[in-house]
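All chains, full assembly: derive it from the sequences and hints.
For reference, the chains in residue letters:
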Amino acid sequence: MAKKIRSIIKSILPEFSGLSTFMIIWYLAARNYSAVVLPSPIETFNAFKYLLISNQLLTAVWASIFHVFTGFTIAVVAGTILGICAGLIPWFRRFIAPTIAAFQGIPPIGWIVIALLWFGNGSGTSIFTVAVATLPIIFISTVDGISTTDSQLLEMANLFRTPKRFLLLDIYFPHLLSYLFTALTTGLGLAFRLGIMAELLSAETGIGAELNLARINLETAEVMAWICVVLMMIIISEYVILRPLRVRLEPWRNTTRKV
Amino acid sequence: MLIIKDIFHKYERQIVIDNISFSVQPGEVICLTGPSGCGKTTLLKIVAGLITPKSGIVENKFNITSYVFQEPRLLPWRTCLENISFGLKVKKIPVEKRRYIAFNLAKELGIAQSIDKYPHQLSGGMQQRVALGRALAIEPDFLILDEPFSSLDIGRRRQLQDLILQLLNNRNLAILLVSHDLAEAVRLGNKIIILSASPSKIVYEWKPEAGVKRDEAYIYKTVSSLLTIPQVANCFDVNS
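As given, the protein sequences belong to chains A and V, one line each in that order. Per this note's numbering: the first sequence = residues 269 to 527. Per this note's numbering: the second sequence = residues 174 to 413.
Derived by calculation from the structure, the hints in this document are not laboratory data. Watch out, some of these pointers could steer you wrong.
Residues from chain A shown here face chain V by an in silico Cβ test under 8 angstroms; the list is partial [said to hold, decoys possible]:
1. T338
2. I342
3. L421
4. E423
5. M424
6. F428
7. R429
8. T430
9. F434
10. I439
11. P442
12. E518
13. W520
Distance ranges between label pairs, derived from CB positions [said to hold, decoys possible]:
14. C353(A) x S228(V): 35 to 45 angstroms
15. K280(V) x I504(A): 14 to 24 angstroms
16. A365(A) x I237(V): 37 to 47 angstroms
Please read all numbers here as calculations on a predicted model, not as lab measurements. The beta-carbon is built from N, C-alpha and C at its ideal position, and this holds for glycine as well.
Below, the structure written as structure tokens:
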């Protein structure tokens with residue numbers, strides 16, 4: 269057991285020492301400033317503990333998860349469906365591509381303002397912002413995934429008179445998955461950042477709203493604590509949700525070549 | 174049977190196939206051979222219905238036609254067993270039966286120990302065996318082989334050629350094989366059709382004497398005697 273722990277520590281040593289150095293610099297820098305300007309890691313941790321005990325943390329985290337994941341799910345479903353259609357039907361691709369490009373070009377803050385006008389203060393604003401801002405990412409990788417499907421495999425399948433539905437499930441989709449996973453990782457990071465930004469400006473609940481409150485009260489340590497919470501959420505969602513999902517959906521990637 | 178009559182095809186202005194006719198009878202192995210880039214693959218694609226020729230008749234009266242490509246073209250996300258049963262899955266054969274058929278084929282092809290591996294875990298020769306298995310799983314009576322062994326070394330190639338001959342014994346299978354390797358054609362073919370390069374034309378046809386045993390000596394002798402025929406030597410550019 270001890271040996272195992274030691275080997276784990278050894279394997280993450282570069283990352284661990286990098287983060288520790290950063291913490292030390294933060295700690296040293298914080299000694300020269302008041303807690304309102306730059307709270308130390310310890311003060312941040314205390315603020316985190318307080319938020320956790322007072323139950324503010326979990327409530328806000330759940331609210332943010334709800335906003336981010338609802339919005340992102342809408343983006344993934346819509347983006348994939350539109351992307352598959354655009355990848356398979358060139359006419360539709362040309363039809364929809366300019367709109368998607370325009371969507372991607374609109375700065376997220378623009379979306380937030382529009383959403384505020386439409387949905388007012390509430391969950392709707394952050395869900396909408398997340399959905400429209402991440403949709404282009406999912407759409408573009410889906411189109412890429414579909415259009416880079418190996419034409420030799422498609423030719424082979426055609427000789428077996430494979431029906432369209434079967435082609436989609438057995439050839440296009442497995443190929444698409446690898447593209448989609450990259451998009452999901454970048455998309456989810458963006459979804460968190462934007463969702464929380466939208467909350468800051470609109471919602472009464474969620475991490476963004478709590479950040480805003482902490483700012484008004486000049487609770488800089490709490491602001492830091494919330495930022496750390498967001499970072500942890502992004503890391504957890506990648507390592508706890510996306511990576512295991514990939515291992516499960518693409519078992520063939522985990523095998524090495526042995527002859 | 175397959176009847177190919179007066180096939181003519183061109184890409185834009187370049188004529189690639191000029192007036193080719195031949196037929197494949199049930200149980201027969203026909204080898205199309207010729208220099209690289211002489212339009213053999215185009216001709217096969219015409220036979221398979223992937224390309225419609227500019228003129229000529231393609232009449233395929235075989236019940237089930239199957240195709241093996243130059244590359245294995247396996248699905249990387251499926252195991253060998255699943256790859257072999259691809260055509261069966263398309264035909265909606267129940268999974269148990271599919272596995273049974275595929276496993277028996279894998280045994281016959283000598284890949285039974287690798288059925289649960291993914292294609293990238295196998296060597297090129299093994300992958301080509303899986304591709305052959307996939308083509309045979311749907312029980313074709315006509316098999317089209319497009320230089321299936323060209324990327325393999327001589328030992329692997331020999332093994333697969335022997336495998337083809339063995340498979341022929343167990344089935345009533347007609348084969349149309351494309352190869353640029355004359356020795357391979359002589360080893361496997363009941364009839365060899367030699368094509369010239371662009372545009373592709375039949376320059377020579379050869380049949381082995383009935384009942385002759387095609388051992389190495391016979392194959393080398395035949396290949397070298399074929400190459401002394403002026404039309405054949407010309408089309409392979411070996412006379413200089």
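Hints versus structure:
no.	hint	in the structure
1	T338	30 angstroms, violated
2	I342	28 angstroms, violated
3	L421	6 angstroms, holds
4	E423	7 angstroms, holds
5	M424	4 angstroms, holds
6	F428	5 angstroms, holds
7	R429	7 angstroms, holds
8	T430	5 angstroms, holds
9	F434	6 angstroms, holds
10	I439	7 angstroms, holds
11	P442	4 angstroms, holds
12	E518	7 angstroms, holds
13	W520	4 angstroms, holds
14	C353(A) x S228(V): 35 to 45 angstroms	38 angstroms, holds
15	K280(V) x I504(A): 14 to 24 angstroms	47 angstroms, violated
16	A365(A) x I237(V): 37 to 47 angstroms	42 angstroms, holds
Checked against the numbered hints listed earlier, the structure breaks hints 1, 2, 15; every other hint is satisfied.
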